[in-house]
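For chain A, the structure is supplied; the task is to place chain B on it using the hints.
Those sequence lines, one after another, are chains A and B.
Every letter in the first sequence is one number past the one before it in the working numbering, and letter 441, counting from 1, is 441.
Every letter in the second sequence is one number past the one before it in the working numbering, and letter 306, counting from 1, is 879.
Calculated directly from the structure, the hints in this document are not laboratory data.
Be careful, since some hints might not be right.
[To be verified] Pair by pair, the computed Cβ-Cβ distance ranges are: (1) Y375(A) - V621(B): 50 to 58 Å; (2) G697(B) - A138(A): 39 to 47 Å; (3) T290(A) - R629(B): 50 to 58 Å; (4) G697(B) - T290(A): 22 to 30 Å; (5) F899(B) - R440(A): 37 to 45 Å; (6) R635(B) - A36(A): 56 to 64 Å; (7) Y375(A) - E884(B): 22 to 30 Å; (8) G565(A) - E884(B): 49 to 57 Å; (9) A138(A) - E895(B): 31 to 39 Å.
Here a beta-carbon is modelled for each residue, glycine too, at the ideal position from N, C-alpha and C.
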Amino acid sequence: MEAHQKKKVVPNRLPREVFQALIDVVGAAWVSEDRAIIETYSRFSVDAAQTLRQHQKDPTMLPACVVLPGSTEEVQAIMRIANRYRVPVVPFTNGQIGFCGPTNDQPTMTVHLSRMNRVLEIDEKSMVARLEPFADYAQLQAEAMKRGLWNGGSPLATTLCKPASQTAFAGIWQTDLKYGTLSRNIVSTTVVLPTGEVLQTGSDAVAGVRPFWEYGPGPDLLSMIRGSAGSSGIITEITVKLHPWPGGIQLPEPPAGRPCIHNYHEPRFDTASPPANVKLLWVEFPDYDTQIKALQKIAQSGIGMGLNATGVYNAYYCSQTQEMTLDRVKNRFFPPYNCYIILCGFTSPKQIAYEEKVFRKIIDEVGGTFLSPSYKEEVLEALQPWNLDCIRHVTGFRMNRHFYGSSIVPGGPLKDTAYKTKEIWTRTIETYGETYITDRGGVEDTPFLYAINRGGRFWLSEADTYPDATDPEKLQKAQVMAISAVADFVSQKFVPIGMGVLVEPLTSAFPETGPNANRLMRKFRTVLDPNNIFAPGRQVYTKEEFNNLPEETFQFINFLRTKYGLHSLSREK
Amino acid sequence: METIKRQLENIVGFENVMDDRASLMAYAQDQSFVPRCMPDAVVFVQTVEQIRKIVRWAHENRMPLIPYSSGKNLHGAAVPTEGGVVINMTRMNTILCIDDENWFAVIEPGVTYQQLQAELEPRGFRIMVPFGVPPDRSVLTSYLERDVAMAAPSFESGNALVLDMEIVLPDGEIFRTGNWACGGNPGSPYGPVRMMAYRLWTAAQGTLGIVTKMAVAIDRLPPQRKVFFLPFQELATAVHAIARIQRREIGTECFLLNRFNLAALFCEGWQVPRQYPTSKVSAETFDFLRQALPPWVATICVNGLPYYPEEKIAYESEALYEVCAFLSVPVLEELPGVCSAAEIMLQEMLRPWGILKKFNYRGAVHDVTFKAPLDSVPDLIDMAYNIAQDHDYPGADIGVYMLPLERGRAVHCEIDFHSQPDNENIRERIKALWFKTSQELIKRGAYFDRPYGAWANMVYNRAATYTLKLREIKQKLDPNGIFNPGKLCF
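Next up, chain A with everything else stripped away, as it sits in the complex:
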């Protein structure tokens, strides 16, 4: 540690003509290579790999400059400069999840999109909203709800997330049972490609046509953008679907009013009721099998706006302090096998009454117990943050656990997803040990389970590690655990990342996926980014990048592959 402290971090610098060209595009106020500014604008809030590099005082983890464009045209000009001088580019919005730092040791430009933060238009008739890349879910919902519409959900990573950046990465909501994740809610994107060209998808691709329909003319090129982990271009505009919203213009306030900084951690500020025409019902089950049986029945009954089994995650989301979290995890305050349903009266209030009747019937049939004022009232009260968080999620970043180190997000039919996640995550924890007590969610409790569609065909699960970010060993362990679990899944032909964002080294380390998805994605990449300047090596390695992987990385990959019965990989000829 002492040696590290003496090591001085000297960020890379861009050639002067590149820096000057950027000034010419955006003005001197919006581009900087000042150490303090580039650190401020490129913080990685939860990214074990980047944080490890920080611990190692790796100077290449800092971008060489940060540039803040104000328009699509400026983004185009920036990309053309980068393409001309072969300067690697990474886009940046919140930096909440990984994949936002430089991807190689070259002087890299961070394109920070915070100036492009407007809701540009809400078309009430076509039920769509057009946003800039830094406009977030909260802005979108506030504007849409004024018009009796909403976007269909918000991510657990909170409504600070931007639909545009989530297009490149995730977008899983508590209301996916009805709305099917962000994937089903993108109407069109305007993407500046690494070459500076502007690609529009959906009906917006055709001049003179309004952005109202999601599929491009003929083969759909949104397929090149969605799930590309920010490696296909910069989304400078996105049009998302809106849906009818009977829940009122404003979300309810807690009876205690709003907190101040000194008392925000008091539970009384998390007790708002659900929005108008929305109702939540909580159930516990005696065991995992009963829970899974119930979830399938409910998902296929045709009722509800959202259906989720939150397991141990309740302890993180619904506890206002770290102490409460640890206490609740240790004492199993929340039922380990639970679920909640979100009901909404779109057609009339009678819809809620009908759906509640159906839900109660199913729970009665399978043998679950409702949390109620007469049964575990204190648990039901503690779960009140979900009343609003299922619609507009805010507590995710108050989640009381350590750092978010790594995760697996398996997906597929319910039984596959539920049982395989539990089996493999349990094996992973038993093999490596936890990085923090909360990693055990999914071992003794339900791994998070989200119903992703009405027929219950498809579910996503999640299991995470929460290492102490100040402990490099734990960070490393978190990474190893995730990759090991992925190898375990792949070897059994199950899906480790069901939300469809493959990133390196996983893309190339497991060519069983696809098969050879890495080679296909390489081809696509050369179309969109012929000079390999845009987050190079993030989603798929070029042949050269793959062959240049350090020997220890290769050995580690092959160690895992061999351990799980997969053949060893060689460098490509």
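Only chain B this time, still in chain A's reference frame:
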């Protein structure tokens, strides 16, 4: 040619290769305006391995390949542009799996709607079927080409029906999307690779690969259903009412027909044709109905759920009556002048091919199919009627079908012009009308997301970067341009 034939015979067997003129003629044209072109040969395949071998052979020999599943596209997608080999997959017609627990079916390209529905119904399930699809159309191709299911007004039930796909790429390699990408069970379109990778191959007319298997969503048969009819004198009034009804999320199926199409659907003297084009058949019932029916009729089907189906139908019906009372729109449970209209419509919900009886009117139907924002539809339809008038085509002979999508975000429209296939003069006149209408609609913001035939140039000329990138991707995937050359922008 003999060498080609021998090489193909080596792959699929002597009896499965045809190159005689009579056989090839059947593949040289469909009922669309796409120009006639003979293939050089037709091969019947039965396995994925045979397809891979043919694709590798074609790749090496730069031989065009035209995928053919059921021949019921009716828009020229499987008509060759420059000869080549038609890969006929009609014999790959196995329903590989019906998963009652996770609600999906795995099918081969030759599986038809009629076949799959017949298998599903006794098990209490249904496949979501597009209105007016031929019963013997390939489900796989229909979904791949983004035919819109009747349940599309419901965001949850009628869309996102393609789950996993297996594709033979132009180099003969296999690629799987969705959950299949890991080799295990299907059930999701997302999978591990890239969430919506599969969408690259949709509406591609077989230009980027051959899809050899697909997992498709199936849904439980509603235990009870109820149909309502809303008659309208004006299209604008109908569109306004549909928008209000959809915002309340009432009903699963909801569509609007003009009186021509409605009369064709209910015409007892006409049968659903087996071939397209067909022969003209006169029917008095049709003429009577076309006079008697309201100009526009919206049909709404409210479906019960497995639990307490009558209660679900009751609250939705009540909401429908409430909205319609506010708008002064009558709600009918039967259509005056039509015997058992509700019962016929309920049957159409599962097997919606009755409307194909419209082919009996003149023999051929040339549709202009597009999507548009719901509020823009009255003007667009009005424009189409005006163009028809300019071309001396009677407005009463225009068929219109409209399907609101995702609770009224958009609408899928089909405007039909009828022609006589055996009368070249009439056919040419209708072709001019069809072309002009398409052109003007595109200029006015109508969206042709599946650009068949002559639509391709009209659309891609207005989408420069999109077109460029599609061509570059095509070049990467299919450097020898073997897959269905001449289609789309390739």
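Comparing the hints with the structure gives:
no.	hint	result
1	Y375(A) - V621(B): 50 to 58 Å	holds, 55 Å
2	G697(B) - A138(A): 39 to 47 Å	holds, 43 Å
3	T290(A) - R629(B): 50 to 58 Å	holds, 51 Å
4	G697(B) - T290(A): 22 to 30 Å	holds, 24 Å
5	F899(B) - R440(A): 37 to 45 Å	violated, 55 Å
6	R635(B) - A36(A): 56 to 64 Å	holds, 60 Å
7	Y375(A) - E884(B): 22 to 30 Å	holds, 27 Å
8	G565(A) - E884(B): 49 to 57 Å	holds, 53 Å
9	A138(A) - E895(B): 31 to 39 Å	holds, 33 Å
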